[in-house]
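Colleague: Sequence:
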Amino acid sequence: MGRHYRDYNTQCPFYKQEDRNMIYCEGVTDNSTIHLAFPCRATSYKREYCSRNWEQCLIAKALWAKYD
Numbered sequence: 001m002g003r004h005y006r007d008y009n010t011q012c013p014f015y016k017q018e019d020r021n022m023i024y025c026e027g028v029t030d031n032s033t034i035h036l037a038f039p040c041r042a043t044s045y046k047r048e049y050c051s052r053n054w055e056q057c058l059i060a061k062a063l064w065a066k067y068d
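First residue of the sequence shown? That's 1 in my numbering, and the numbers climb one at a time after it.
Calculated from the structure, these hints are not laboratory results.
Be careful, since some hints might not be right.
To be verified - Cross-link-like lysine-lysine pairs, in silico, BS3-like; alpha carbons within 25 Å at most:
id	residue 1	residue 2
1	LYS61	LYS46
2	LYS66	LYS16
3	LYS16	LYS61
4	LYS16	LYS46
5	LYS46	LYS66
Input sequences plus hints: build the corresponding full structure.
Modeller: What follows is the structure, encoded as structure tokens:
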């Protein structure tokens with residue numbers, strides 16, 4: 001199991017933490033977490049959706065709906 005850490009440069013309000021191949025986001029219910037698993041490093045997904053275009057991420061769109 002990898003070592004979890006937070007990248008404080010992310011802009012997505014649903015981002016929680018990550019490790020090498022996983023990104024952990026807020027879950028759909030209270031006190032839950034969504035795990036996004038990647039066969040290789042999660043860096044490119046994080047760069048595209050967690051740091052700048054987070055509004056375009058399908059996970060973020062689904063999570064945003066729970067606050068509407």
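Colleague: Against the earlier hints, flag every one the structure doesn't satisfy and list their numbers going up.
Modeller: none
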